[in-house]
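**Q** Residue numbers (the numbering used here), protein chains in the order written: chain V, 1 to 503; chain Y, 1 to 202.
In case anyone wonders, no lab produced these hints; they're calculated from the structure.
These figures come from a predicted structure and were not determined experimentally.
A hint or two may mislead.
As the list claims (entries may be wrong) - Which residues of chain V face chain Y? A few of them, derived with a C-beta cut under 7 Å, are:
no., residue
1, Gln-23
2, Arg-107
3, Gly-108
Virtual Cβ for every residue (Gly too), placed ideally from N, Cα, C.
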Amino acid sequence: MKVSFLFCLAIFWIADCSDIHAQIYGSNTFEFQYGNLPFEEDTDLTTSYDLLNLYYDQGNISAYGRFEQFLTPHESRNYFKLTQKRLQYEDDHFEVKVGNFYKTIGRGLLLRSYEIPGSVYEDNFYRTRYAFNRDQEGISLGYSSDHIEIVALHAKPLFNPLPPNFEPDSLRRPDLVEAIEASIILTKDLTVGGAYMRSSSDTDANSYREFGSFILNANLPFQLQLYSEYAFETDVSLFGFNPEDSYALYTGLNYYYGSFGLSAEYKNYNSFKIGSGFNDPPSLIKEHTYPVLNRSTHVLNTSNETGFQVEAFYHFEGGHSLTANVTAARNEVFNVNHYREYFVEGLYQYNEFLSVKSFIDYAIDELKQEDNRWSLGLITEKSFNHEWSLTADLQYQTYKQTSFAQQSENYYGAISFSMFPSLTISAIAEASTDLLLTDNPRTFEVEENTRSWFGGNIRYKINYTHTLDIFAGQRRGGPACTSGICYEILDFEGVEIRFSTRF
Amino acid sequence: MLKIPFPYNRLMGTSLVVKMLSFCDNIIHNSVHTCLRKKQSTMKKLLSLFVIILLPMGLVAQKAHNFKLKNLNNQTVSYVELKGNKLTVMDFWATWCKPCVKSIPKFIEMNDEFESEGVQFLGISIDGPRNLSKVKPFAKSLGINYPILLDMDNNVMTRFRVQAVPTLLIINSDDKIVLFHEGYKPGEEKLIRKEILKLLEK
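Just chain V, with the same shape it has in the complex (with noise of 0.2 Å):
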């Protein structure tokens, strides 16, 4: 707490003593909370969660500092913490970051660091709420010129299933990084490169183990781009891909010529989980913000996968677009599983004030026991003399759940009212027939009657500077991925309000 009070007072000295070039900026999320989690009715909760960014720049120099407080009637919850940290320096050639900062290793294949700008993360174990994100605490140098880049670094990646509050602290961050990238530019289409990393956790300090990586990125003829990187721990043999080495293989290509565009990639990850999982290969799975796929996400299994993807896109002249995804995973860590999804997704632009877009996908998830999963969706958008808008949102998701020998089907329904550019109202009704989601786990019996989730959303744009949304009703959880990062959403019933600040 001392070290939160004095970096505060250090903030305000330096920006109080600098000239008019400095400057502060920074924001703030504060979330209310009031309700249940389903199946505990009588639990009421009433949380508040606040979150404040605060920047410092002057020059090269630039100090960050992140707050967050969590309150409950639980005093064993709650928490007012300094969770991060930066000094940073930074010209042409040179960076320099002393603290918290965020560093990933060519595609993340041997360190993957990530944050999701908003998303307010709640611990399932202890109820505790925080920012979802994965940090790096310790140093990190950096040297960049036109031929050559370098990064170094010398820092404890962040444990994210564990709370800020949660003692002791040094659990949040088990593992030791010590990696040094380098690239090189040979040609303005030609780029190699390499990594060397070695990490240890707490448990055995001594004990290291140690990895390296080649890189290539190339711009190739025809206008196509091949990106390949090829990680492994140091004491396999090269390119040997035996069943006992640890080893990553990622390769992607990607193509265009006029409005067609086509991306395929190339997954082999072999006992590549290092640490507490820190590195997170790409998983090669499309990433969908249609909520009935969304939550239907393939989670890459690093101890065994192979896979491809292959998703095309072709823009038409007035708007309109067509993408279609192919996609193919097979993973064998205690049994043989397979993933397959076909996808195709179209956008009408009837006119300017009139687009229609849908989507039908079909998969089928051995590891989650779905099979025949078909998955449909049309929305529809209208907007009236371009000052509101109304949409409708239809989906509907069945498969069969080969556990059960039951067919499972999803229901997804919004309609959202927008008044430009401020005001948003939508209402969402959703529908489930899972017996892994009706069913209530306090009692004996098993429920199979329909399950349904109601709720409203009210986004309310005050200014530039200030967002109030406000949700009430009942929300559906289950997994949920955003910008390539999967977690798991609680379900929730109540009420929600966050006010969002940019200062």
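Please build the complex by placing chain Y on the supplied structure of chain V, with the hints as guidance.
**A** Below, chain Y alone, put in the same frame as chain V:
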């Protein structure tokens, strides 16, 4: 004459409404806390006070900082190299973002219209490693004719305080962020166009 030192002078140029809103945000927050907490240490109180003081303090346009990112051809470029003479319009987007697909063709039209007047559009893709391979074919097939930069770790996005995509920022020749537009509904491009024209007149 009394000279108000930085950063307190920032308070003087902001509207009372905006200041009150920020205070309300903190008052609600702190009221809830008061109801919920039976104990609060002196240190926590002091820090809460800091939050209250700091929040409304800087309610003026943020200045854009220089940054470096890779472009679609894997070359590192900086904001300073790319920015427009009069205005820079920065669009944060992603391949998986549905409203972005609708807004980008409108921005391509606007870039064509205003390019000769010193307005430069910049697209910043926030796609992570999972979708990075799709960015170039997606952008090219859509016909984007302005520079696209790749913010894979979201470092630029968070520093510009962007919380959702699409978000559009307009930055003037003094590097001040003069418009921050979150989300997109068909027709909103007319508001953005009007804003660009207004800023060009200044």
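**Q** Each hint should be assessed against the structure and marked as holding or not.
**A** Going down the list of hints, with the structure as the test:
1. Gln-23: Hint holds; Gln-23(V) Cβ to chain Y Cβ min 6 Å, cut 7 Å.
2. Arg-107: 4 Å, holds
3. Gly-108: Hint on Gly-108(V): holds, closest Cβ of chain Y at ~4 Å, below 7 Å.
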